[in-house]
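Student: So the chains spell out like this:
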Amino acid sequence: MIKKSILVFTLLGLALFLACERDDICAESTPTTPQLVIQFFDADNISDSKPITLDIIEVEKEDTLFFAGDTLITIPLRTNTESTRFRFTKNRGIDATAEEPENEDIITFNYTTNEVYISRACGFKVTYDDLSLINTNGADGRWIEDITINSESILDESTTHVSIYH
Amino acid sequence: MAQEESGIDTEEPLTAEQDSLLQRTQRYGLRVGLDLSKPLRSFLDDNYTGLEIMGDFRIKNNYYIAAELGNETKDSDETNFNATTKGSYIKAGFNYNAYNNWYGMSNLIYVGLRAGFSTFSQELNNYTIYTTNPYFEEDFRTDSREFSGLNATWLEVQMGMQVELFSNLYLGLNLQLKRMITEKEPEGFGNIYIPGFNKVTTDSPFGVGYGYTLSYFIPIFKR
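In the order they appear, the protein sequences are chains L and Y. Note that this note's numbering gives residue 82 to position 82 of the first sequence, counting from 1, and the numbers run on in steps of one. Note that this note's numbering gives residue 369 to position 203 of the second sequence, counting from 1, and the numbers run on in steps of one.
It cannot be assumed that every hint is accurate.
[Unchecked claim] Lysine to aspartate or glutamate pairs mimicking EDC-like chemistry, simulated, CA-CA at most 16 Å apart:
#, chain 1, residue 1, chain 2, residue 2
1, L, Lys-61, Y, Glu-351
2, Y, Lys-365, L, Asp-24
3, Y, Lys-252, Y, Glu-312
Worth flagging that the hints you see were computed from the coordinates, not collected in a lab.
Based on the provided sequences and hints, a complete structural model is requested.
Tutor: What follows is the structure, given as structure tokens:
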């Protein structure tokens with residue numbers, strides 16, 4: 001009878017442990033909807049990274065994504081449309097007489113979206129395919145010398161998807 | 167003999183002959199019942215409706231073949247989506263009674279094994295695309311989708327007891343530990359809840375459950 005009691009309590013304990021195991025919080029390490037990874041290079045020496053101070057605003061929004069002195073940035077793309085258009089403003093507030101003055105280029109990213117189920121806690125993510133882009137310089141000319149797509153598929157944030165030379 | 171026919175128990179001392187005869191007289195028959203916890207939960211929990219009937223049949227002194235049959239509907243309101251599971255299940259196996267009853271009693275403390283099978287469908291009612299950057303507004307989608315023709319099989323260990331409350335009426339309690347064997351998952355979604363197996367935990371093949379049963383024993387023969 002003692003052996004049986006031990007068995008009962010072991011099973012009960014195990015059952016409770018399993019029932020209480022949390023799987024309703026999406027772990028930070030879980031890959032979810034990837035952001036676009038952009039790396040900045042020196043236009044004069046294309047193998048060298050070149051830091052940039054950049055304001056990025058999606059054309060329909062007013063909130064700014066601000067980056068100061070970065071060579072590698074991540075920005076989100078819209079998941080509910082197949083196009084996202086950003087104003088990329090370099091050196092905002094630096095006047096026209098400076099060596100690298102404020103300058104705005106508009107980049108349109110076009111892509112297709114795939115919906116992927118992750119897990120109970122995280123739900124669904126979107127990955128992107130067939131990435132293409134259009135760079136439109138404003139009245140102030142373009143600060144982007146060259147822009148290339150390294151990966152047409154955006155499945156995670158472990159690789160650089162787009163390179164900008166300036 | 168008159169006592170036996172009237173069906174009334176007696177506390178009068180038995181003769182040695184009667185005693186040995188009665189001790190070998192074990193009742194065999196069919197026990198049928200209902201899991202009380204499921205209608206109760208249906209009443210208390212807006213996200214659940216369920217019903218389960220159970221039965222067992224004594225085949226040897228300590229062995230009973232046993233089965234459960236049920237139907238469940240469960241709404242899973244998760245952080246990033248809402249889904250509804252509907253389906254039926256059957257569990258069949260046996261119970262081993264480990265309890266030595268005193269004369270005249272027929273209670274059970276048992277260990278049981280079941281093979282479970284469930285067919286079900288899941289409906290994804292709405293969901294939000296999970297993003298780590300809150301720059302854009304939430305992408306909330308309400309295009310409801312149904313995933314049907316799903317199924318699962320599992321093995322289950324039960325531990326429980328059956329106590330005779332009144333003549334032939336039993337109250338039972340059991341705990342269930344389940345392990346998934348096969349699972350047909352929907353394309354582009356996962357199994358959140360499986361009728362009979364209960365909640366499916368991410369990356370774990372185990373499930374748990376409990377039952378609170380009221381059953382009636384129909385004596386068929388004595389041996």
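Student: For each hint, tell me whether it holds in the structure or not.
Tutor: Hint check results:
no. : hint                     : result
1   : L:Lys-61 with Y:Glu-351  : 40 Å, violated
2   : Y:Lys-365 with L:Asp-24  : 12 Å, holds
3   : Y:Lys-252 with Y:Glu-312 : 11 Å, holds
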